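One letter stands for each residue in the lines below.
2 protein chains.
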Amino acid sequence: MQKEFIPYHLPFPTHTTGLSFVKEVLESGKTAGNQAQSLICKELLSVDFPNSFSFLTTSCTSALEFSTLLAGIQPNDHVILPSYTYPSTANAFLLRGATLSFVDSLPNSPNMDLDKVEELITKKTKVLCVMHYAGISLDWEKIERIKSRYNLTIIEDAAQCLDSNYVKNGTDYPLGSLGDFGAISFHETKNISCGEGGLLLLNNKNDITQAEIIYEKGTNRSAFLRSETAFYEWKSLGSSYALSEINAAVLRAQLMQKEQIILSRLKVWNEYKLAFSKISVPFVPEYAKHNAHIYYLQLADYKESVEFIQFMQKEKIQTLHHYRPLHSSDFFNDKHDDRSLVNAINFSNTLVRLPIHHEVNSDRVIETVLDFFN
Amino acid sequence: MQKEFIPYHLPFPTHTTGLSFVKEVLESGKTAGNQAQSLICKELLSVDFPNSFSFLTTSCTSALEFSTLLAGIQPNDHVILPSYTYPSTANAFLLRGATLSFVDSLPNSPNMDLDKVEELITKKTKVLCVMHYAGISLDWEKIERIKSRYNLTIIEDAAQCLDSNYVKNGTDYPLGSLGDFGAISFHETKNISCGEGGLLLLNNKNDITQAEIIYEKGTNRSAFLRSETAFYEWKSLGSSYALSEINAAVLRAQLMQKEQIILSRLKVWNEYKLAFSKISVPFVPEYAKHNAHIYYLQLADYKESVEFIQFMQKEKIQTLHHYRPLHSSDFFNDKHDDRSLVNAINFSNTLVRLPIHHEVNSDRVIETVLDFFN
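Going down the list, the sequences are from chains G and P. Counting from 2, one number per residue, gives the positions in the first sequence under the working numbering. Counting from 2, one number per residue, gives the positions in the second sequence under the working numbering.
Take the hints with a grain of salt, since some may be wrong.
[What the hints assert, rightly or not] Below 20 Å or equal to it, Euclidean Cα-Cα: the simulated SDA-like pairs (lysine to any residue) are:
1) LYS274/P / LYS336/P
2) LYS24/G / GLU28/P
3) LYS24/P / TYR288/G
4) LYS336/P / GLU28/P
5) LYS31/P / LYS31/G
6) LYS24/P / HIS10/G
7) LYS31/G / PRO14/P
8) LYS31/P / SER29/G
9) LYS24/P / ASP339/G
10) LYS304/P / ASN350/P
11) LYS336/G / LEU238/P
12) LYS259/G / LEU238/P
13) LYS336/G / ASN350/P
If you are wondering where the hints come from, they were derived from the structure by calculation, not from laboratory data. Predicted model, so just to flag it, every value in this text is computed and none were measured.
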């Protein structure tokens, strides 16, 4: 019998509802950003982020770029960020002319080693950008300590983190709401998706006026639409960050099914954890409550990881490496100082992601993985 | 009898076809950018732009930003651009740290006065950015002369110009394809729309490799997807410019009806022209073949223009001013030199746009406008 292909990812099917919302949008003719569907999405999101102000964006990348404008980054400002992350995390700052220092991962987790941050701080350091890998929270207490000691702006790349939490004294704090700014992704590959899309969370109310202007191509159109001014005009740097209503309609349907989507992933994640307890289990600290965005295995070395991926491929199961470390990339290598970031390189070589979504035949994946290791 | 409201704009209804394509996308799970629907859109667009390489983007703003990265603009490079345009035209360059000089409009057209460009050129001038207002072509021969004399990069803000042409010796040259880079908008308010969306046209083949990298967040993912490299990594500055497949599906349906959409607008435009021949007709030079994106009237002064808009509003007809000149905006005023750009200010004060779309009751609009002037 032909085995069915198991893709790494598959968006959760909310087609019927999604299509009915898209139909509403197309029939209304109100298809540009920040109209009826976007407002509904923002209301749905306000349950998760009651203390944040949210802007739907065209991508998590644009949410990050939006945050760098809000943070007022100037040429030669210094930014500290992880090496094991997506290039957009770094480009957002480089586009503002910032200089970058990359930080290694922890030995036991792809997440950045926060104990390596302070030694990099100079008078020019303006931002600490953090990224929670696989929706697994960083140690926020450490970040708070660094922030208050050096008065840094914290930008939280929470691309993978919708419905992930940092837990302190029994209370859940949603990732994305902890930094000064948080960026979340709704890309096709994320738990909750609308093709291309993102979210900027403003966690300080005094940023709202400027954020509205930057979001509206540097104009005071938002105030104009509220009849607070007779006309609108150019006020600031800015861009076109608004997510179209068509994508917002699709996002709305996804957000309505959020619990079910996350539960279906957690089920698979926990099955993997049980089955691979003696092989490889992602490190989840006690303060992290994650959203099952990624289940990864760590192989012995790069060679074995390639063999593993090829083995799984023959069995029609798609598995994937993840990031190449930014500090040693073709593009940045000659700008990096001489610190060797061995853990980031190690995760780049050995981390392999297993399929995780509502349709995964986890028994077959587990059996095949165990076959490889036996 | 209650009069029906006539909105300034209404996207042409391609809902049924559009929805069926969106359904395809959602069912496939392939919702992120640059997949099946985008390829079809690019094929449809290649009929209009046979000599250009096209990238679908999240907006015309992002297409312009994309072009400024491709043009390699560095801090303090000098850019010359019109004052009577949308803030995004200017922000795209300011985001790269460029210095700007704004040019006045012509006395008889909102389009920029190309005879005022050369006096502004310095050794630092790198780009001449031009914008064809209302889809009505600038005098491209003048632009070519300036380009070749001073070796400038020409960036063509063709936001309003899909299906507009520059005509020379009986041949039509599509706007957007004439500069080194051309940017087109598919925003809700444009003739052909998909909510938020845009198009970057590359008109030089040697820009393609770098464009593919910038488009894919500064990585060589495009080469990777063509199996030209074993993995993809960070190679350059870049951003997330790709239009989602969901929007591309909507765009595809619109592009399929392009002729009909433009014809339905041209019909209204020509009716207005005939009716208002003694009041106000937009100046269309012999070398311009336009797409009926905008029909504007010029009122005597700002006061009359406001009275006109209010008069039309009472009659339930939406009419609109357009741009506020960028050079004298709150944001740029103190950075502008002391040239007074009287024509740009004049068009800002006196230009009013009439409703134009497939559903306009043009008889009622004409009658009401004539009522105002009598």
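Item checked: Ascending list of hint numbers which this structure does not respect -> 1, 3, 4, 5, 8, 9, 12, 13
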